[in-house]
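Student: Taken in sequence, the protein lines are chains Y and X.
So the first sequence is residues 793 to 1299, counted in the numbering used here.
So the second sequence is residues 484 to 967, counted in the numbering used here.
The set of hints was computed from the structure by calculation and includes no laboratory data.
Among these hints, one or two may not hold up.
[Claimed, not checked] To give an idea of the interface, some chain Y residues facing chain X are shown, with a C-beta separation under 8 angstroms as derived from the structure:
1) Phe-827
2) Thr-860
3) Phe-976
[Claimed, not checked] Pairs of lysine to aspartate or glutamate, DMTMM-like flavour, derived with a Cα cap of 20 angstroms:
4) X:Lys-585 <-> X:Asp-637
5) Y:Lys-907 <-> X:Asp-637
6) Y:Lys-907 <-> X:Asp-719
7) X:Lys-839 <-> X:Asp-611
Even for Gly, the Cβ is constructed at its ideal location relative to N, Cα and C.
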Amino acid sequence: MSFLSLIWLIFAPVIAAVFIMLPKFPNHQVKIRRFSKWFASFHFVYALLFLAFFDSSLFGMSYEKELTFFGMSWLKSIGISAKFAVDGITILLIVLSTFIVLITLFMSKIHIRTKHKLYYSMVFLLESAVLGIFCAKDMFLFFVFWELSLIPIYFLVSQWGNSEARRSAMKFILSSFVANMFLFFGMLILYYYNFAVSNVLTANIESLSMDAKIYPLWFQIMVFVNFLIGFVIRIPLALFHSWYPDLQSKSSAPVNILISGLILNTGIYGLIRFNMQIFPELFKLFAPVLMIWGLVNIIYFGALSLLQPGIKKMVSYANISTIGFVTVGLSCLNSTGFNGAVFCLIASSIVFGAMFVIVSSIEFRTKTTYITALGGLGQVMPKCMYLSLIVCFSAIGIPFLIMFSPKLMILTGAMLSNLDQQLMVKIAAFLGLAAIAVSAGYIMYFFYKVFCSVLLEQWKNIKDLSPQETAVLSTMCLVILYLGLYPMSIISVYQSVSSIILDILQV
Amino acid sequence: MSEIANMIVNTYMPEFVLIIFILINIFASLFFDTRFYKLSKWISLLGIIGAIASTVNLQIEPEAYAFSGAFLTNIYTVFFKILILIGGFFLVLLSRNMIREKRDRAFEYFTVFLSGLLFAMCALSTTDFVGLYVSLEAFGLCCYLLLSFTKSPDSTQLTFGYLVQSAVVSSLFLMGLSLIYGMCAQVSFDQISLYFTNAGILQTQPQILLTFSLILMICTILFKLGIAPFSSWLPDTFQGAAYPIGAYMSTISVITCFGILAKLLMIFLNYTFTIRIVLISLAVITVLLGSLSAIRQESLKRIMAYSMSVNSGIMLLGLCVFSVYSLSSVMFYLFCYVFANIGVWSAIIFLFNSAKIESIYDLRGLIYNNPYCVIAFTIVLIAMAGLAPTCGFVAKLYIFSAVARSGFVFLPFLLISMVSAVIMVYAYWRIIREMFKRTHNDIIIDRQIVSSKYILYACSFATVFICIFADKIIQICQFAAYSM
């Protein structure tokens, strides 16, 4: 398909952002908003076309494209080129990202009141950076987009968040930069010592691999750990998580959806792309550690979620608790677990995107996020309650909803896992099973407290969802239902890719 | 006669053009009244453009000598000279508002300004230590004169402090030079290099003496670059100096000193390994110390002074793992540094001239008044910090990769300096943060001032543009580094 060019897909949002920022573009909020929505819709359709023409039986990258400037490739003399390609996993993540951006733009109208030009261009810049992360075939190109995605996040959080948002955004940016430096350091050594061994100066991800026989183990561990530090802060795993609930509770509602739907995916993607594919031997070594780490995520954040006073923090802890399942699934090292993990990643973006939509509509009406101040909203907001019921059930993992099959696959994968520490893995799988009960606990607690208990006097007059919000939420519910009923429609897209990755891992 | 003319056209043309225009400036000051002060600016611009244009005719392949071997032209020197001239071109335009206030001394200012460029270029081209010493001293003299140009009591005092310190340091240079001369009775770089290449010599000569003399000589250059133990003069001097002079110091002097330092290291580095470790430790300490001090500053000038010191530290890191690859990476970094640095300075000068903004807290809420200026300022600051879509990132990537490929010994140093570079990112980010803060008091911007604003736009465009077309420039840098 010649009209499907990844370059356009990635850089069209940048062009749109620049176009919005131009002095000629009218500084009128309705026009900016309409332009952005139309653009995002077309962009989403364009991304869908990529999925439609995607050949899922193919075992490699497709839609390969190199970005050249008048015939010159980028930094060719030091072995770095601007090549883009997608495989089965990334094509889904791309479609998901464009979908999340579209949803965000529809939710932005009521929350964003100032500096419209800056806001919409930053959203598009973020989208472009995230798409670049998913498509980059080159390690340093990946890093460029990885760093680029931080700058819009800073502005989005600090400019439209509450009074303390600036401080947490700064904290996030700086800690991320420090972690990025470790990542960058790992990349530099990998890049050079690959050159020293193979005598080809390249940073192409596919041609890099750390063969266990050539390098000493301590060296490999050093590089692996550097990569891991870079990625766990984005995933985020326990101990490196504190930025996430902090940032989410202080930023405005549409930005919440963006952070949970776009930024968290990139961390797991990096883990799959780099730590699993470049260091297969070491990943096997570290898999039990990651499994325990993921399990800690699930249980610890599940418990923390129950204790939070604010619904935003509650939902964000629930979100990273679900991300723990993804980590467990990845470290099972078998196809069931891996497929489940990728599915779980996509499912959690959609489900928690919907959760943040609910939270945002509640926050907009009540101007509070404290759970003690809420209650009984189901009596005045029935539409919202019924739609939230679907979302909450799917977050728990009720059958025929989106989260059921990935969680089932992950736990089955953990049971069947062939890791060396057999007993430990089985115990972990059982604990994970128990953790689903925990997740049922915090999600239902959230639902009960917000919608079901006694209606307070001051909320008697609030209105139900507006048509726009209803449309957004019901679209997401439809997706949740559809993917719950036909999970294979997603899994079949990336099955062949996952089989390659697991082949490299030799399990 | 034609031989001399040939020699001048082949090797000496840019300097020759500059000399002519310096003379024109001096004569013009005799004949023209203060009312025609703008003439000096046009003469200088014309001179710099003429010098840039005359580099086309230079003979660079094979390298050419002039004045019986005392003056060398090859692609390496031409690269640095063009950088200096580009920097000088922008700096002339940036000096505009300062000159308008002191119009009676405009001709004087530009004479000294062009002489500074001339001596910097001579220092790069010279092939012996005597020429190097003389050119460096002359360049230093121009710097003192420029620093004391504004004549506030503050600046006179600080300039005098700088003068005394650098006099001490340049006497150290002379000391090192005399030690080298005592060892091999030569002053020419080639001859000295030949002398030490001769096997067996080093057994008879104490190596400690060579290391000692090299350290003495390098100290002078490290002092001018603001590397750690010698960095204390930088913020105070910048504080006292006028804004364009700060820009001049942080651009021209950095380019010149790195050009010379690379030459010096090339002669001596093969014989002394320990000095690499010393230099790389100094570089790491500079990056750490400079960035830790920068995050506490309020004055934009002082932040830029520390920024110069940190950037020199990063370049020194690349320079002391001496290879063709790392030298080309340093040259590329310099190329990007010139544009980013002049961009930031032009933004600062623009804000100072149009709204009397001096500290970062005065910047608060600027985005509401002048959004496009703020965006361009943000882009050049991001380039200085070395973040993603600008040339600063490519430069950092290149220089760090050069360090990474030179051995396990340097990896800890690399990691420390990378992490401490993040602290410097925070220092730049503080400026950006202030500009985007909400505020109630308006900043009144004088719309009359345009030249520094357009330089800001040009530099912010150039930083992104260089990032995209980096490959071409890297190839030129590698070619130039090979010619060394």
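Student: Checking each numbered hint in turn, tell me which of them this model violates, lowest number first.
Tutor: 1, 2, 5, 6, 7
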